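Q: Protein sequence lines, in the order shown, are assigned to chains A and B.
Numbering of the first sequence is given in this note's numbering, commencing with residue 4 and proceeding in unit increments.
Numbering of the second sequence is given in this note's numbering, commencing with residue 2 and proceeding in unit increments.
Everything labelled a hint here was simulated from the structure, so no lab data went into it.
Just so we're clear, the structure is a prediction, and the values are computed from it rather than from any experiment.
Glycine is no exception: its CB is placed at the ideal position from the N, C-alpha and C atoms.
Treat the hints with care, as some may be off.
Said to hold, decoys possible - Just some of the chain A residues that point at chain B, by a computed CB distance under 7 Å:
(1) 258
(2) 260
(3) 263
(4) 330
(5) 366
(6) 582
(7) 593
(8) 618
(9) 658
(10) 668
(11) 670
(12) 672
(13) 674
The lines below spell out each chain.
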Amino acid sequence: MADSEYAEIFREEAGELLEELETSLLELEKDPADLKIVSRVFRAMHTIKGSGAMFGFDDIAGFTHHVETALDKVRDGSVPVSTELIDLTLASRDHIRALLDAATGGGEADPTEGERIIVALQVLVGGGMPLAKQAASAPQVSEEEKDPTLGRRSHYRISVKPTPEFFVGGSTMEALLAELDTLGESTAFMDAEQEDGGALILLTTDKGVNAIEDVLVFAESSCRVTVTVLAVEGEEELEEHKKLGEILLEQGEISAEDLKTVLDRQKPLGELLVGEKLVSRTSVDAALAEQKLVRESKEKATVAKGAESIRVASEKLDQLINLVGELVVTQARLTQVASQHKESELVEPVEEVERLTAELRDCVLNIRMLPIGTTFVKFKRLVRDLSAELGKEVVMVTAGAETELDKNVIDQLGDPMVHLIRNSIDHGIELPEERERAGKPRKGTISLAAHHSGANVVITVTDDGKGLDAERIRQKAMEKGLFRADTEPSEQEIWNTIFMPGLSTAKTVTSVSGRGVGMDVVKSTVDALKGSVSVTHSIKGQGTTITIMLPLTLAIIDGLLVKAGETHFVLPLSQVEECVELTMEDIARFHNRRMLPVRDQLVPYVRLRDFFAIPGERPVREQMVISRINGERFGLVLDGVVGEHQTVLKSLGWVYRHATGLSGSTILGNGHVALILDVTNVMQCARQEEHNTLIN
Amino acid sequence: MSAKKETVQSQATQYLTFMLREEGFAIEISKVREVLDVTTMTRIPRMPEYLSGVINLRGNVVPVMDLGLKLGMGSIEYCKNTCIMIVELEVDANLVEMGVLTDSVQMVLDLNPEDIESVPKMGTNLNTEFIKGMGRQSEEKFLIILDIDKVLASEGEAALREIDSIASTHSVAANPEESVGAEA
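For reference, chain A alone in the conformation it holds in the complex (with noise of 0.2 Å):
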């Protein structure tokens, strides 16, 4: 029924009205005084059905007016805010959403809860039309949505100016007119004098503004038509009525300069009041003032408004994004023929073009960063509602809400964050009462974190409840295989087993005392984000903390360009620490033990080569690439470092997907492709390896 296109912007911003819906309505909950926040959602109610109406999604609109009649009773103060009045509002977004996901084909919306809803507020606000006809009454109330001033005499400015193509269409005025007539009573003031023989027509109709426009749709494509609503019959006057001057202005029957210079000789309203001595100078000025702020306010909200945002799809962003990858490496290509060439004259602009291509990728990336504080009131939502059917009283504090994250990043992050909420909430916050016993305040508090660290986002979801018991994860462990029965593994390595797809079925730990549901899909969401999750911290009885690092971006990095062989490899520079020389001496030192001291401390070391298996002879005099992983140095042998590369990371593809100690890969400036080096998995592998040949 609707447009698909307008269907997409009506569904776009429902969305986004959907979304601030939520939060001021969890907002009013804390400050249910708060008349602002009302008015907040009233009008975000209000636009919802507005627009769905004209959209043609006539069953939101029908839906949503009778929630806005109910809140229209609490905006005028007559039923207060109450705790069922925002489980009934909430219930009702929930339900426009389903409503809308049904209309532009993603599910169905159960037609019941909507009637559920409805009564469940007509009986909270008392009153109203009855039930029965309440919902009977839907699709009607929803048709005259659409067109408030239909069934309602209405008065009407209709101006058409036509262009010469009006009339080579064999259209003449006097046919619009008697068409127009045939609808109400009009009056048509037409210019015989002036050359464009456009006409001014007034009409009161009953008819609808609806009807007015499909009489004159075939005009419109040869003719400027505007028509104005001047009144409604019965209705009260949002505008303040027009003046004189302001009629004719708009008519085009006065120039400004005239009318101005006419009310010139006019006092202004204020003096003669004050001249007549019917009120103070004071008042007046007061008067006046007020005007003038509420002038103001309205102008700065105008502007404000204007320079918000547009709408972009996402694809041509991807589109812009890939197009300035290619460009930075090809500007790194620029780069190294003109370093080649020597050419003075060259070497100048070359510069200006790095500088450049670096602002204008700086300024792409950062169009798609968005603040993560966007999904966390999908989790205050979530918290709300998990703890009442739950039966426990949880807070959810949020820190770090403005730290800016890659939407797709964003977008991705939502289901994983959504588990381990869910997680503390179920397992790892106990109920009031048992919190009460262990001495703790009866409201368990959820909180998420957020924050930068070098080229990564941090992120934390922290809860004050009753810990991971690491002895029976560690017993499920044994039993699914996943330690050995000879080792020892340490707590950390404990808790992390929790992400192990073997753990997360609701019958092992999570009915006793850990966590598991989907942890394993949190896992492979972040993973798949080029991130890590791990448990970082859990006391028993006092709570866990779970730490999910990400990557800022997924497109462009900074790194560190190195050689090994005839292989490049490039490490993100974020994770580099400085660069040491390795020679034949220290190797000798040290007796072949892969360590070199740096600054009075021992740093642990992998070649490169060896690791890789890179073929040929290496040189006398290697380079060591020291990283901080985890808290621990740990250098990465190489032949030589090249220099700094900006990178475009590129996927390896899917068979490759699994390849050890590499992330990805890049393309040079001469058209190579060099690898991007993960250096925890790097790390991680060799600890692996060199364990498993001591033992054999």
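Assemble the complex: chain A is given as a structure, and chain B must be docked to it using the hints.
A: Positioned in the frame of chain A, the structure of chain B alone reads:
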């Protein structure tokens, strides 16, 4: 008669024929996106031998497989005819590109269904899963029609198994004594 011939023609499929060690092979041409000369390849370490590495295909990184090694016929030796067929296949509902290294690409051939014989139960010395049929090019000459999707799709698990075995035999600390001893 003529009508019959038309229907037969409309059923003909176009194949691209290529050589591996003097033996003729063919794959459906609809799978082949383009044919390239051999370019600089970057080897991915610690991966099975038959995965030759990755190439830069106009800004995209595309993996390349040595079809000779994959089919157990020995590695392909580079010469002026050696080329890479870029093949498109669907993996998990995504279209991915993959390079296939062959000794030389020959021609485009129309084959009617009746020109294709079923796969012999034995004697091909190849995994029969990878073969769609035997195409008759002339009286004496047969082509092995490969099911390139299966050849490439078998990659996932096979590669994983091999990586595991590589990891278990591989060790960074395998021979530290020797490496320093030689130079000290």
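Q: Hints the structure violates: just list their numbers, smallest first.
A: 1, 2, 3, 4, 5, 6, 7, 8 and 12
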